[in-house]
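> Take a look at the letters that make up each chain.
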Amino acid sequence: MSLLSLKGVESFYGASQALFGVDLSVEDGEVVALMGRNGMGKTTTISSILGMVKPRGGSINFAGKEIVGQQPHRIAQQGIGLVPEGRRCFPNLTVEENLLVAARGSDWTLARVTELFPRLGERLGQYANTLSGGEQQMLAIGRALMTNPRLLILDEATEGLAPVIRQDIWAALRKLKAAGQSILVVDKTLSELLPVADRCFVLEKGVTVFEGKPDALTAELQDRYLGV
Amino acid sequence: MAALSRETIANGVLALLLLVVPLLAAASGETFYITLATRIVILALAALGLNIALGLGGLVSFGHAAFFGLGGYVAGILATHAFNGEALLFGLPATTSMPVIWLVAVLLCGLVALPIGAISLRTSGVYFIMITLAFAQMIYYFAVSWPDYGGEDGLSLYVRNTFPGVNTAQPLPYFLICLAVLAAAACLFWLLRGSRFGAALEAARQNTTRLSAVGIAPFRIKLVAFVISAMVTGLAGALFADLNRFVSPSMLSWQMSGELIVLIILGGKGRLFGPIAGAMVYVLFEYALGGITERWQFFLGLVLLGVVLFARGGLLGLVAGRARHG
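For the record, the sequence lines run as chains S and G. Per this note's numbering, residue 1 is the first one in the first sequence, and the count goes up by one each step. Per this note's numbering, residue 229 is the first one in the second sequence, and the count goes up by one each step.
I should point out that these hints are in silico values taken from the structure, not numbers from a laboratory. Some hints here could point you the wrong way.
[As the list claims (entries may be wrong)] Non-contacting residues of chain G with respect to chain S, defined by C-beta distances greater than 12 Å in every case (computed):
#1 Gly382
#2 Leu439
#3 Ile449
[Stated by the list, open to error] What the simulated footprint calls covered on chain S by chain G, stretch by stretch (three residues with Cβ under 8 Å from a Cβ of chain G suffice, anywhere in the stretch; the number is not a length):
#4 25-33
#5 82-88
#6 139-147
#7 164-177
The beta carbon of each residue, even a glycine, is placed where N, CA and C say it ideally should be.
So that you can see chain S by itself, here it is in the shape it has in the complex (with noise of 0.2 Å):
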């Protein structure tokens, strides 16, 4: 059975309704990305899943547990971990401060983010809000690590960073998939997440359109689907 899965969800924002159905599903151990163009439903998906946006029709489903309804905290709970888009630390915490309010379980700890990324090991004791874009997006992705997620859910996760400072967020990523952690990422960089991908979900005026290996995913399609 699968670690996560979505059928027919269907979100709205106070009258307009965003999500039409949308289909999507994670095993455990498997990287999926979630893509499709600006203003298709990427963000309101993982809002829906974390219960921030409530759904009104369809279900999700997490680790056997229907999760629809649920308050956004007790669903994090069960071990949903997410990177929000554009970071969102809390800048008024140290490094440390960060990390530690989200610590839950025992697998990831302090020593072993600040293993995955030495940058913040050196901060520990900084303002979030003084810390570089990159250096804020490896907290956002270590204070979810730290709640020893089954599912880390990435959000536009290299968004406007340098391409030095994304290719030491995707090696981290391999590292973690390596470890055989889930992960449902999304990203417009093709060229960067596709190799890492193990299956993907593309999203069109929200509803699932696409749902297949990453090689499936041709040159046509991705310029139907994802092209600008």
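Fit chain G to the supplied structure of chain S, relying on the hints for placement.
Quick look at chain G alone, frame taken from chain S:
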């Protein structure tokens, strides 16, 4: 030795002043100044309690006078019953022992703060301010209209309550008791702020959605902070009643809630010694200007305006720079 930060030095100076000035006053027989210092210490303790909710959690409670007054009434009512040899409800014996009174005050304030917090924390911003005010006013009017304990006229304590091994009737020993309680509360504040709970509380002030995304319920964190905050303020109320040997509904009034907020803003929000600096300035203004004009609060208002406009970190911020936790 590592260089001390300017805030640590400022804190040290304040702590030293608070200890040395009353000792000098005692040596020269000026007991009035000891009472003044005791007033500073107790108001600082009350504001320190509020600082847990307001400074760390960003919960602007405009109803903390309720807990201050409740603590005061616990001291007043227990002492009055004990003095008259009457039992309390259910035949429980009354007492004049401070430690017991403190325990009852703290527990009662915690019990009252729990439902008030649980209801108020469903709102935020200006609604939170108003709903905490509403609860405090309810308790205020209840006290005013309850003739058994003096109603509007308040309740006098015949003698100051007792503390084992200490002559509390003397100003200096009583001051030292209050100072020890303040020191303990400051330790509690410091430990809380440095703990994981403190970090979660500051995170909740910053962004509740992010906090729930890492699996922590912001509501519970804020509620616990609100309750602890009320307990500390309630303890200060019990001490205040013993200082004045008098309790009245004015301790429960909204002016008192406002005063506590003013102390924090004057001194420095979220800072360990903020309430202490605030209480010092407040009480000294009250004493120095209060002797010259009845309208001393006008000048305090000017100072407050100056602090809000030019020293957002409060007076401690002026001395020590930006707050560690901005």
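> Hints first: check each against the structure and report whether it holds.
Evaluation of the provided hints:
no.: 1; hint: Gly382; in the structure: 42 Å, holds
no.: 2; hint: Leu439; in the structure: 8 Å, violated
no.: 3; hint: Ile449; in the structure: 10 Å, violated
no.: 4; hint: 25-33; in the structure: violated (count 0)
no.: 5; hint: 82-88; in the structure: holds (count 3)
no.: 6; hint: 139-147; in the structure: holds (count 4)
no.: 7; hint: 164-177; in the structure: violated (count 0)
In this structure, the earlier hints numbered 2, 3, 4 and 7 are contradicted, and the remaining ones agree with it.
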